[in-house]
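Position 32 of the sequence shown, counted from 1, bears residue number 32 in my numbering, the numbering being contiguous throughout.
I should point out that these hints are in silico values taken from the structure, not numbers from a laboratory. Bear in mind the structure is a predicted one, so any value in this text is a computation, not a measurement. Note that CB positions come from ideal geometry on N, CA and C, so glycine has one too. Hints may contain errors.
[Claimed, not checked] Below, simulated DSBU-like cross-link-like pairs (lysine-lysine); rule was C-alpha separation at most 30 angstroms, straight line: (1) LYS77 with LYS54; (2) LYS62 with LYS77; (3) LYS61 with LYS73.
[Unchecked claim] Label pairs and their computed distance ranges (CB to CB): (4) THR48 with GLU78: 50 to 60 angstroms; (5) ASN55 with PRO31: 34 to 44 angstroms; (6) ASN66 with ILE46: 42 to 52 angstroms; (7) TRP53 with ILE23: 29 to 39 angstroms; (8) ILE34 with LYS54: 23 to 33 angstroms; (9) PRO31 with TRP53: 29 to 39 angstroms; (10) LEU36 with LEU70: 23 to 33 angstroms; (11) ALA72 with PHE37: 48 to 58 angstroms; (12) ASN59 with ILE25: 40 to 50 angstroms; (13) LEU39 with LYS77: 50 to 60 angstroms; (14) SER29 with ASN59: 37 to 47 angstroms; (15) ILE67 with ASN28: 31 to 41 angstroms.
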Amino acid sequence: MKPHLVEYKVNVVPRITKKEPEIVIHSNSTPLFINLFLLLIIISGIYTLYIRWKNKKMNQKKYEENILTLNAKINLKES
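All chains, full assembly: derive it from the sequences and hints.
Here's what the structure looks like:
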């Protein structure tokens, strides 16, 4: 026999419902920008090295021609 102190029909216990977790997408694109910036630096460095290498060969030819012309002028003055 149930005690008469509590009315069981009136006290309805609500069901426990689980809340669905909210999906939060953080769009932190800082590492992407850092990687792109560093890639740009690397590409510009490689391009600079290529241009310097190309200019070195051109300057070497130009200076060899200058030396040969100066040598020819000096030899003409001596003779």
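Take a quick look at whether LYS62 and LYS77 sit within 30 angstroms of each other, Cα to Cα.
At roughly 23 angstroms apart (the allowed maximum being 30 angstroms), LYS77 and LYS62 satisfy the hint.
Look at the Cβ atoms of THR48 and GLU78 and judge whether their distance stays inside 50 to 60 angstroms.
At roughly 44 angstroms between Cβ atoms, GLU78 and THR48 fall outside 50 to 60 angstroms, so the hint is violated.
The hint says 48 to 58 angstroms between ALA72 and PHE37; measuring C-beta to C-beta, is that right?
This hint holds: roughly 52 angstroms between Cβ atoms.
Quick check: does the Cβ-Cβ distance between ILE34 and LYS54 fall within 23 to 33 angstroms?
This hint holds: roughly 31 angstroms between Cβ atoms.
Taking 37 to 47 angstroms as the stated bounds, is the beta-carbon spacing between SER29 and ASN59 within them?
holds, 44 angstroms
How does the Cβ-Cβ distance of TRP53 and ILE23 compare with 29 to 39 angstroms: does it lie in that range?
Taking Cβ atoms as reference, TRP53 and ILE23 lie about 52 angstroms apart, which means the hint is violated.
CA of LYS77 to CA of LYS54, is that 30 angstroms or under?
Distance of about 35 angstroms is beyond 30 angstroms: violated.
Could you tell me whether the CB distance from PRO31 to TRP53 stays inside 29 to 39 angstroms?
holds, 33 angstroms
Taking the beta carbons of ASN55 and PRO31, is their distance inside 34 to 44 angstroms?
Hint holds: Cβ distance 36 angstroms, inside 34 to 44 angstroms.
Is the hinted range of 31 to 41 angstroms satisfied by the C-beta distance from ILE67 to ASN28?
violated, 59 angstroms
Cβ separation of LEU36 and LEU70, checked against the hinted range 23 to 33 angstroms
violated, 50 angstroms
With 40 to 50 angstroms as the target window, see if ASN59 and ILE25 comply at their CB atoms.
violated, 55 angstroms
Checked against the numbered hints listed earlier, the structure breaks hints 1, 4, 6, 7, 10, 12, 15; every other hint is satisfied.
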